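Chains as they are written, first to last, in our numbering: chain H, 1 to 230; chain R, 1001 to 1243; chain X, 2001 to 2305.
Honestly, the hints are just simulated from the structure, not real lab data.
Predicted model only: the values in this text are computed from it and were never measured.
We put the beta carbon where it would ideally sit given N, CA and C, even for glycine.
Treat the hints with care, since some could be wrong.
Stated by the list, open to error - Below, in silico cross-link-like pairs of lysine-lysine (DSSO-like), each with a Cα-Cα straight-line distance of 30 Å or less: (1) 2068(X) to 1101(R); (2) 1101(R) to 2150(X); (3) 2081(X) to 2068(X).
As the list claims (entries may be wrong) - Here are the computed distance ranges between Cβ atoms for each label pair: (4) 1221(R) to 2238(X): 36 to 42 Å; (5) 2117(X) to 1096(R): 28 to 34 Å; (6) 1206(R) to 26(H): 42 to 48 Å; (7) 2149(X) to 1221(R): 47 to 53 Å; (8) 1006(R) to 129(H): 43 to 49 Å; (9) 1168(R) to 158(H): 19 to 25 Å; (10) 2084(X) to 19(H): 21 to 27 Å; (11) 2053(X) to 226(H): 34 to 40 Å.
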Amino acid sequence: MFANFDFDVIRRSLAYLFFDGMTFTLTLTGLSALGGLIFGTLIALMRLSGFKLFGRIAGLYVDLMRSLPLVMVIFWFYFLVPYIGQWLTGSSRPIHVGAFASSLITFVIFEAAYFSEIMRAGIQSISRGQPAAAQALGLTYSQTMRYVVLPQAFRNMLPVLLTQTIVLFQDTSLVYVLSIPDFLGAASKVAQRDGRLVEMYLFAAVVYFAISCIASFGVRRLQSRIAFVH
Amino acid sequence: MNYHWNWRIFWEPAPSGTGTYLDMLLSGLVLTIETAICAWIIALVLGSVVGVLRTLPSKAASWVSFAYVEFFRNMPLLVQLFLWFFVLPEIVPHSWGLWLKQLHNAPFYTSAIGIGLFMSARVAEQLRAGIGSLPRGQKLAGTALGLTTAQTYRYVLLPMAFRIIMPPLTSEFLSTIKNTSVAITIGLVELTAEARSMQEFSFQVFEAFTAATLLYLLINIVVVTAMRLLERGLAVPGYISGK
Amino acid sequence: MKHLPMIGLALAAVFCAGQGNAEELTGTLKNIKETGAITLGYRESSIPFSYLDDNQKPIGFAMDICYKIVDAVKKELKLDKLEVKLNPVTSSTRIPLMANGTIDLECGSTTNNAERQKQIAFTNTHFLTASRFVSKKASKLNSIDDLKGKTVVSTSGSTNIKQLTEANAARNLAVNIIAAKDHGEAFLMVETDRAVAFVMDDILLSSFIAGSKEPDAYVISKEAFSKPEPYGIMLRKDDPAFKKVVDGATAALYQTGEGQKLYDKWFMEKIAPKGLNLNAPISPELKSEFAHPTDSPDPDFYKAM
Chain H
1 MFANFDFDVI RRSLAYLFFD GMTFTLTLTG LSALGGLIFG TLIALMRLSG
51 FKLFGRIAGL YVDLMRSLPL VMVIFWFYFL VPYIGQWLTG SSRPIHVGAF
101 ASSLITFVIF EAAYFSEIMR AGIQSISRGQ PAAAQALGLT YSQTMRYVVL
151 PQAFRNMLPV LLTQTIVLFQ DTSLVYVLSI PDFLGAASKV AQRDGRLVEM
201 YLFAAVVYFA ISCIASFGVR RLQSRIAFVH
Chain R
1001 MNYHWNWRIF WEPAPSGTGT YLDMLLSGLV LTIETAICAW IIALVLGSVV
1051 GVLRTLPSKA ASWVSFAYVE FFRNMPLLVQ LFLWFFVLPE IVPHSWGLWL
1101 KQLHNAPFYT SAIGIGLFMS ARVAEQLRAG IGSLPRGQKL AGTALGLTTA
1151 QTYRYVLLPM AFRIIMPPLT SEFLSTIKNT SVAITIGLVE LTAEARSMQE
1201 FSFQVFEAFT AATLLYLLIN IVVVTAMRLL ERGLAVPGYI SGK
Chain X
2001 MKHLPMIGLA LAAVFCAGQG NAEELTGTLK NIKETGAITL GYRESSIPFS
2051 YLDDNQKPIG FAMDICYKIV DAVKKELKLD KLEVKLNPVT SSTRIPLMAN
2101 GTIDLECGST TNNAERQKQI AFTNTHFLTA SRFVSKKASK LNSIDDLKGK
2151 TVVSTSGSTN IKQLTEANAA RNLAVNIIAA KDHGEAFLMV ETDRAVAFVM
2201 DDILLSSFIA GSKEPDAYVI SKEAFSKPEP YGIMLRKDDP AFKKVVDGAT
2251 AALYQTGEGQ KLYDKWFMEK IAPKGLNLNA PISPELKSEF AHPTDSPDPD
2301 FYKAM
């Protein structure tokens, strides 16, 4: 069955796969998670704020991002971002945006919707006594958020946030649709060039599996160590 | 912005000769729905079986289902589809592989099964959580009444567990619909693929994608409303999910 | 990250737009002068026009022509340094990426036709080729009608897939058309028997056959889907100043013997990465086009030359 497979192709292309492909994937994952978390927290705060208008806008945004397939959003942003850049900076031509920047913007904006729901749950799970005590101490809204509520919410939701990051890591493989060179893209380029589909795709599957497995195992260990403090 | 808008493009004939561009998008929509429903049926059936296995006292069942769930959860859907579509036909005996490759609707079957398997792991986890959230007394009462394990699950645990997990199952179904777009990579010409085709033939990028976006939002609203009605229809009065 | 400086530079350049220049530059030339960089779109498997060699660097006939254009732009704008950025494109992303400013020149195997000229512009033609299909000799497919009821692949976004779609409808062939992301993937489908035929420009088909594991197993159809159509390097529409520079560079290249020399380098000699020799002598139509460069999209125009 495995007679005429050439697994050496994996060894020959390891450098390209990992130095170009995997660094792209991991950098994209890391930066998108960070950006998505920050932006998502802002959206969550908007939703939970007293102002109805903010709440509505944030709600619409979250619903929109959660109803669309990620593939569709990737297409939208790849073609749209330069025009938005042109509009934002008032230049006469669309702004040049490379593949990485476009993917980063896409994932930050898309994942922010999911992170915002997680943070919203986290913020709502903090007992009312906390912000009340903060107010009694004379802290302003932003001080309350910054020093009392958000740190606790973040700590409570950390396992869920990390799980979402693992999902994000897997989702980055979808930039394949635009031939953007992430890890899977690199593997399929080698596969198509050398005609070695089986070897490369099996290898890619094993690598993704290993990384996700180790990461979720780590999150489970973390989960058992973080106790819910109420 | 030097982009030529042309909203009339939807009524212009598509080069595939099968009608207008709008017809192209609608045929993609139909295929999306068909694939999603087939995948969902597979996911529900397999997911329920695995979910139940997870909660059985038997260690072997627990381990098998744990491995199943971990296998499908730790690989991106795209990679899984590639394995089924590109790798499988090459590692089975040559004549089977050839039959698989020449199958006329290969992308459809592969996506339905591939997405179905992927989602089944998530359904299994939801069901496990649902069963786990039931009071322990339920199972004990079942045993006390003389019901076998199978009967306890069938008549006592599962009916309530499914009602409890209806909201997360709704979002899993919506996820299934969204995941059909990943099958564009193995040649399934569903809604996103048709939008892309339309963009390539007519160069009207934004019109094509706006239409596809609106259609996805429409599907979303329909599914959420339908599931809400179903939930209300199946609710047990007085129980937590009954409202 | 290596991209932050680029984004910062681009934004800074845009904000410095107020600085006056001796001559009024517009459009792409203005952009290039301000950012000090030009972006070329390249293909990954359009041998020998634009493809990746063993070190994943884009090379090819169209790439060389583009570099000559870059030299001309550098001279025109009197720049000491002009950074050349490379951006991969596929048949389906090249036009949107040109329109939205991601690339300034597309150096590949793009067919120049009247419909596309509504969205983008082309410079002088660098090749002429007709649309045919490749299949395994064992499948015994000779004409387009033989494709009836079969699974045929082509590359999404190409003129070939459009011609295939139209022929399918016009001749009632009930062909199952698969759209592949790029040429390499499509040819692989024929190699692995997933599709019986791949419809593409015949020069690209010859290159794929030559580079495959068993070149003798394949045959290119005699019947064509189209007349020989021109390839052109793409640039943005409504940008006359830039077009003038590009047209001037390509015309100079073709009319002096250099165009012929470049042609021979890629079509009559061994090329990377496997050292194949395509052995495709220049056609009389292309030769006369080199003598009188044109960007006409009409195939009949070249026949009459």
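To see whether the hints hold, each was checked on the structure:
1. 2068(X) to 1101(R): Answer violated: residue 2068(X) to residue 1101(R) is near 45 Å, above 30 Å.
2. 1101(R) to 2150(X): holds, 12 Å
3. 2081(X) to 2068(X): With a Cα-Cα distance of about 15 Å, the restraint between residue 2081(X) and residue 2068(X) holds, given a limit of 30 Å.
4. 1221(R) to 2238(X): 36 to 42 Å: Between residue 1221(R) and residue 2238(X), where Cβ atoms are some 41 Å apart, the hint holds.
5. 2117(X) to 1096(R): 28 to 34 Å: violated, 49 Å
6. 1206(R) to 26(H): 42 to 48 Å: violated, 32 Å
7. 2149(X) to 1221(R): 47 to 53 Å: For residue 1221(R) against residue 2149(X), whose Cβ atoms are near 40 Å apart, the range 47 to 53 Å is violated.
8. 1006(R) to 129(H): 43 to 49 Å: This hint is violated: roughly 59 Å between Cβ atoms.
9. 1168(R) to 158(H): 19 to 25 Å: Hint holds: Cβ distance 21 Å, inside 19 to 25 Å.
10. 2084(X) to 19(H): 21 to 27 Å: holds, 22 Å
11. 2053(X) to 226(H): 34 to 40 Å: violated, 51 Å
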